[in-house]
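Use these hints to put chain B with the ligands onto chain A, whose structure you have.
Spelled out from the first residue to the last, the chains are:
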Amino acid sequence: MKLVGQAKPDLLLSQEHHMCPGCGEPMALRGYLEAISELGLTQRTIAVHGIGCYTSFSMTTDLDLVQALHGRAPSVATGIKRMRPDAIVFTLQGDGDMVNEGLQEVLHTAARGENITCVLLNNGVFGETGGHMTATTVLGQRTKNSLDGRDANYHGYPILIGDLIARLQGAAYVARGSVHNAAGFARTKRMFKRAFETQVRGEGFSFVEVLTMCPTGWFIPTTEGPSYMNETLGEVHIMGELKVDGVIRTTDELHEENIRKAAEIEAALARGGVDA
Amino acid sequence: MSRSVGTVTIAVEACKGCDLCIPACPPAVLSMSIGVNRNGYHHPELHDGCTGCSACLMVCPDFVFTVYRAERSRG
Ligand code: SF4
Ligand code: SF4
Ligand code: SF4
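So the protein lines, in turn, are chains A and B.
Heads up, our numbering is the position in the first sequence plus 19, with the first residue counted as 1.
Heads up, our numbering is the position in the second sequence plus 2, with the first residue counted as 1.
Bound-form chain A, shown alone (with noise of 0.2 angstroms):
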């Protein structure tokens, strides 16, 4: 027997971690661990970390890493890779850090066209503070300061960041993956890598969104996490490689590709095997 995938990820120093059952942000946290592995960016790599339950990865995330305060990650980012052209910078943010607390941050970092690489993990609440509305909670979504839903009229609309992003000219690449199953997975890393690679390239700024699952903060089951968050977040947070080559996609673009990619990772799942 060849061993063809290991439990813990290279990059992490513990398997334990303190995030709840049914967390997505853990599988969010392999993709792009194990995508600076296989790219052999290692020993280039930077992290900036935001303040979010992903925060407590800062301790055992085996890789240089500066600890940035809320919303500012993107800045710091800056700083680190304009000093140190050579280094491959990345940002792990969450949508409370992102798109409430440091908006102007990431969306300037993205104008301007910094060479680094900004990942979100997005899940329509703030996860570590009780699971409250953020800005990009979705119409009708339940948080703990929206019971009823979120209302257009009261709470306002959500922003939809990556779309956001993309229409940005310093934007070189901007994805939006899943980790709802385990084909969302595979393409979530493959956009990983292609991130990197545009950073690598010295193409300019590179996004990557991922819905991830919060059962704790959605009030739900763990079981229910990822047809919820399909249903909810996933309907208007389209998944999906949203600018390439500094074209944007259109939405019924990503619809086609969504379905078509989700049915040639489950053939090749129910065949044996994926290569994310």
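These aren't lab readings, by the way, just hints derived from the structure by calculation.
Hints may be right or wrong, so weigh each one.
Claimed, not checked - Stretches of chain A that chain B covers, calculated by requiring three or more beta carbons in the stretch to come under 8 angstroms of a beta carbon on chain B:
id, stretch
1, 23 to 33
2, 40 to 47
3, 197 to 203
4, 240 to 251
Stated by the list, open to error - Anything over 10 angstroms on all C-beta distances counts as not near chain A; from chain B, calculated:
id, residue
5, Arg-5
6, Ser-35
7, Asn-39
8, His-49
9, Asp-50
10, Met-60
Don't be surprised by glycine CBs; every beta carbon is placed ideally from N, CA and C.
Same frame as chain A, now just chain B with the ligands:
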């Protein structure tokens, strides 16, 4: 006995019993245990027929699965 072309090891003590791996397994060869681990969580158990596809590994938030596949081409 087994006609499996793959297998997994399950780090039972790391499992938080979220159940996400059970529906993710294409040949449905995982089921949740009756007993619990030290933290009180039920955990997956493997039955014959694993293909080594890694779907369980990809959906597990707690890094529980290590996956192996037979080196010979699948028959
Ligand atoms: S609160 Fe939500 S995001 Fe935070 S660890 Fe729990 S499930 Fe994950
Ligand atoms: S490797 Fe695939 S077939 Fe084997 S237990 Fe995991 S999901 Fe099931
Ligand atoms: S997905 Fe992982 S943590 Fe959840 S029940 Fe399966 S083995 Fe346990």
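Hint check results:
{"no.": "1", "hint": "23 to 33", "result": "holds (count 7)"}
{"no.": "2", "hint": "40 to 47", "result": "holds (count 7)"}
{"no.": "3", "hint": "197 to 203", "result": "holds (count 3)"}
{"no.": "4", "hint": "240 to 251", "result": "holds (count 4)"}
{"no.": "5", "hint": "Arg-5", "result": "holds (13 angstroms)"}
{"no.": "6", "hint": "Ser-35", "result": "holds (15 angstroms)"}
{"no.": "7", "hint": "Asn-39", "result": "holds (12 angstroms)"}
{"no.": "8", "hint": "His-49", "result": "holds (16 angstroms)"}
{"no.": "9", "hint": "Asp-50", "result": "holds (15 angstroms)"}
{"no.": "10", "hint": "Met-60", "result": "violated (4 angstroms)"}
Consistency note: the structure conflicts with earlier hint 10 alone.
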